[in-house]
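> Using the sequences provided together with the hints, build the complete structure.
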Amino acid sequence: MKVSAAALVAGIGIGALALLPALAPPYYASLMIPFFAYAIALLGFNLLFGYGGLLSFGHAMFLGFGAYGAAVMSGVLGVRHFEAVLVVVTLAAIVAALPIGFFCVRYVGIFFGMLTLAFGMLFHSFLFKFYHLTGGDSGMRVPRMKLVGLEFAPYNKIELLAGPFYYYCLALLVIAGLVMWRIVHSPFGLHLQAIRDNAQKAEYLGVHVRSMRLAAFVISAGFGAVGGVILGFRIGLADPELVYWTHSGHLVFMAVLGGFSNFFGPIVGALAFTLLQDQLQSLTQYWRFIMGAILAVLVIGFPNGIAGIVTDLRDQSARKNVP
Amino acid sequence: MTALIETRHVSKAYGTFRALEDVSIGVHEHEVLSIVGPNGAGKTTLVNLLTGLTVPSAGEVFFMGRSIAGIGPTELADRGVARTFQLIQIFPKLTVGETIATAVISRQRKRWRMLSRLANDDAIESRVRAVAQAFGLADRLAARSETLSQGEKKLIDVASALALEPQVILLDEPTSGVSTADKHRIMRTLIAAARQAGVKAILLVEHDMDLVAAYSDRVIALAEGRVLANLPPTAFFADPTLIETVVGKRRTR
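Those protein sequences? They're chains A and B, same order as listed.
Mapping of the first sequence onto the working numbering: residues 44 to 366, in sequence order.
Mapping of the second sequence onto the working numbering: residues 1139 to 1391, in sequence order.
The hints are simulated quantities; they were obtained by calculation from the structure and are not laboratory data.
There's no promise every hint is true.
[Stated by the list, open to error] Cross-link-like lysine to aspartate or glutamate pairs, in silico, EDC-like; alpha carbons within 20 Å at most:
(1) 189/A - 126/A
(2) 1231/B - 126/A
(3) 1291/B - 240/A
(4) 1231/B - 358/A
Written out as structure tokens, the structure reads:
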């Protein structure tokens, strides 16, 4: 995709998101907070999956790490500046991801997936069972924090989420998107894609396969933690469900839904998932059934996801036109 | 004359099976050296030793005077040895330009640049163009590798290896999977491009005796893990019993 086309898509998206709080009721604006969190986390997830070819089934552990990190920093240690919490927790996630990634990236395919799942389950068990440290199933409280040093005292929680925090998260998404755009278009990004396509050939072209996979892993962990901090702030709670494997499954779902072979696909997937889940949950308790059906249709009919539908249809019609 | 790559009394055993036994060979500057031998002669083991993939059970492997035993493909590429495989290896989703750039990034030691834009790097860009030019792929830079013809895939496979600007390149049956009519054209392109890229020596693993006769400066024949002959092609092809041992099975096919 050319830079100009990508910039146009991004510009329209940012413009629409910037106008949303003014046009939609506060409920919808606050509903978008999880979207921002997932979109940022998925940018990282897709560096690993779409660009690196490694599908993690335990990625929710880093969102959980972010949320619990926020709870520890603000609730236990009393740091009330959101920026400080964000930076420290993200760096901590990167450090924590190093040993986990060290083991995981020694494997590829299903073994990588299973190993990440296993680490995710370990972390979940730790959060669930170490009650005196983590609060067990009742989780840990994430208190309200200052944004850019401002208290926003007159705002209630919904107003804060639908107003200042909304724009704060939009800005974070834009920054995260720009950083990830640079990463995937850098020499490192190209080497990562070479590894995805053919690791053996890549090695013989001087690509540091394992350490680059590890780098992608820890970067994706950092992005996941940013998403987790946002989620923790929104809910006001870090609870073990954030780390449960079904939550990791949701991340995979979003990436496939949006289209992991497109830079913007995961962002589209996060948006579609957030809106679908909200609408379906209010319609029926069998919302997972409909979600599953949608995923099945997409995988069979449009394997490149929502973002790839246009190109898929174009390819199909081009194939039909071949005499 | 000192050798660029050499093995000194190398043996390799897998359990009780001795794949190579006391092999001492050297690849010299300005040389195309062919390694021939029937299946099971130890060619693959020798190639794996020469490319630092496996560690010998006994003996040593040197590249420019330094041991390369078991250093692995990435380090080998950094030191200046490239290789291609018998089966064509491409990056299906990467374009021709990106495939070459992958090697150029390694060569220019820019692999850990995470935030600099590849598209704005003129040093990489001009190198990619030059390599593509040498292989006649200059107008295919934006084509995805999976959409190329079989011959073009072979060319991009070798072009990317040569983009490392190696001292030595090992070509494992470079014309396998290419039509008979095309094999000499491809071979000439490869050797000319390798020379142009500054490659000092070419190691050729080949079954096709036409190609061995046409392009080698020296032929090493392996049989049952030992060096059977180490001769110039004229002397090699003048010995019918030698040819029989090396390609006997193939001829009767």
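> Taking the hints in turn, state whether each one holds.
Structure-based check of all given hints:
1. 189/A - 126/A: Given that 20 Å is the threshold and the Cα spacing comes to 8 Å, the pair holds.
2. 1231/B - 126/A: violated (39 Å)
3. 1291/B - 240/A: Between residue 1291/B and residue 240/A the Cα gap is close to 14 Å, so the pair holds against 20 Å.
4. 1231/B - 358/A: holds (16 Å)
Consistency note: the structure conflicts with earlier hint 2 alone.
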